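Colleague: Since the structure of chain A is already known, use the hints to place chain B on it.
Residue strings, one per chain:
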Amino acid sequence: MPGGVIQKKVSDMSEIYAKFRLDWSGFSLDVDLVLPAVGVTALFGHSGSGKTTLLRCMAGLERASRGYLKINGDIWQDDASWLPTHKRPLGYVFQEASLFDHLSVIGNLRYGMKRVAGLQGDSLDQAIELLGIGHLLDRKPDRLSGGERQRVAIARALAVEPRLLLMDEPLAALDLKRKLEILPYLERLHEELAIPVIYVSHSPDEVIRLADHIVVMEGGRASAQGPLAEVLTRPDVSIRIGKDACAILEATIGIIDKDWHLVRLDFPDGCLWCRDPGLAVGRRVRVRVLARDVSVARERPSESSIQNVFCGTVESIGEDEHPGLALVGVQIGRSRLVARVTKRAVAELKLGVEQVIWIQVKSVALLE
Amino acid sequence: MLLTDSDLEAIWLTVKLAGIVTAILFLIGTPIAWWLARSRSWWKGPIGAVVALPLVLPPSVLGFYLLLAMGPDGPVGQLTKVLGLEPLPFTFQGLVIASVFYSLPFMVQPLQNAFEGIGERPLEVAATLRASRLDTFFTVAIPLALPGFMTAAILTFAHTVGEFGVVLMIGGNIPGVSRVVSVQIYDHVEGLEYIQAHHLSAMMLGFSFLVLLALYAWRRHPKKGV
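First to last, the sequence lines map onto chains A and B. To get the numbering used here, take the position in the first sequence, counting from 1, and add 3. To get the numbering used here, take the position in the second sequence, counting from 1, and add 20.
Just so you know, the hints here were simulated from the structure itself, not pulled from any lab data. Be aware that a few hints might be false.
Claimed, not checked - From the structure, some residues in chain A lie toward chain B, with a derived Cβ separation under 8 Å: (1) D81; (2) W85; (3) T88; (4) H89; (5) F103; (6) Y114; (7) G115; (8) R118; (9) V119; (10) L122.
Quantities reported herein were computed from a predicted structural model and do not represent experimental measurements. Glycine residues also receive a C-beta, built at the ideal position from the N, C-alpha and C atoms.
If we strip away everything but chain A, and leave its shape as in the complex, we get:
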């Protein structure tokens, strides 16, 4: 994917400053965020937590009474000025595809492009290729499936070469089959898009598969934020994100062991063995390690069926969803894992913060 939306401004490490205050009857939004200007940032929360309102404020679809928004050095809103939506160089994907019914697919794709000066020209072809919609161009939206409609909507938002892509639960209106149809395309976006993406979701699965950075929204406020791998392993946060507390590791496939049908996943601070998923050596993968698959020991375990053993430092011990359970955050170099253990085990092992311990990882899941 050379040129265009993709591979542009990778080196521009500036940030997104977003500060909004908005008061409606029964709801208020009050956030002050600094987000990375690369990768996918998930705005995660339950309905009514303000995540969509925050996204709409960023797009200018809602006008926060007080706000400040700066993207890559350009001010879109401050006390003195407010850029209307159509003057903001963004792409927006709504929960429902919201295609223009009076236009064909290609008409929909070209609608925004016609209104942007100085497009590089190949952004349309790239968007069509990236979303795999080349065979649909002449159709009217009412002849498309739900998944196809949403792919067209995403391509339409990318075709204008936005400098920021905002996505409001693009999968929420789809059934499971359609979700699984679109997720690979979203993962491609994640890999190939150089512009920042703000992705609103209430689904832990989507966030864990797609996000690099996460903002947890609660009651109109950001209750936690940071790199996904870090926020997920914070014991106070992980139980809020989903029942299955977990940690995320970014790894590459290092060695394929054909005899035992295993692969070695290398991450910066160690390696893990897991079942061979059939991917090539060198392929980057995202690995999810569930807290319930991690156990803790004071001594290096010997003669265990579990092959993935690490030495680390206890970083935190927090509550889990059940009063009998605790989540133990363990630092291994710069990586972090969480282990779910009983509180009795914490007491009997005399676990404490800063203590050096051994952990065993029973199984991992590859996400990409």
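Modeller: Chain B alone, transformed into the frame defined by chain A:
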């Protein structure tokens, strides 16, 4: 020939009047309907009620007030005098203006419904695709409201063809100026020319039925009409 020359003149006049009124109402009614569909202003209620008044008001009442306004002592009459124009009552222009008021709700209400039916979302999508509000109006709102425009045009045209009371009050009964079909029929009946009245009446009946038939058939299968 079933129709006399004066019948044909009345038919032509009626078609001309209805066509001009429909065209003018497209220009006036569209922004009013858009505003009524989108505005959250307090004025929405009163303005909507005023637009709907001709639906319930006897045409003679509407005609009476328009006549007063256009007459030499009325505000419109004063204006035409200052501008050096001929007084509007009993002219074709006066009839057009009166008919615009009379048929206003038949243009505005279907358009308002159509604009409301579009919802906020397509307009927001257009804004995220760099379209200004005016641009959005012409390239998204109007195309999506096209079925509403068809309905509004047909109803406005047909309703103007069918008016009688307002014509009598404002236009009188002047051949080629204000003697439209409905007035011509009235004339025939007054003159006991029942055969002539019959021919024109049957024609109007057929016309009205066909218009409504087309409208309802098309509403059930709007795709074929676009």
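Colleague: Would you mind marking each hint as holding or not holding in the structure?
Modeller: These are the hints, each one checked on the structure:
no.	hint	result
1	D81	violated, 20 Å
2	W85	violated, 13 Å
3	T88	holds, 4 Å
4	H89	holds, 5 Å
5	F103	holds, 6 Å
6	Y114	holds, 5 Å
7	G115	holds, 3 Å
8	R118	holds, 4 Å
9	V119	holds, 6 Å
10	L122	violated, 11 Å
Going through the hint list in order, the structure does not satisfy hints 1, 2 and 10.
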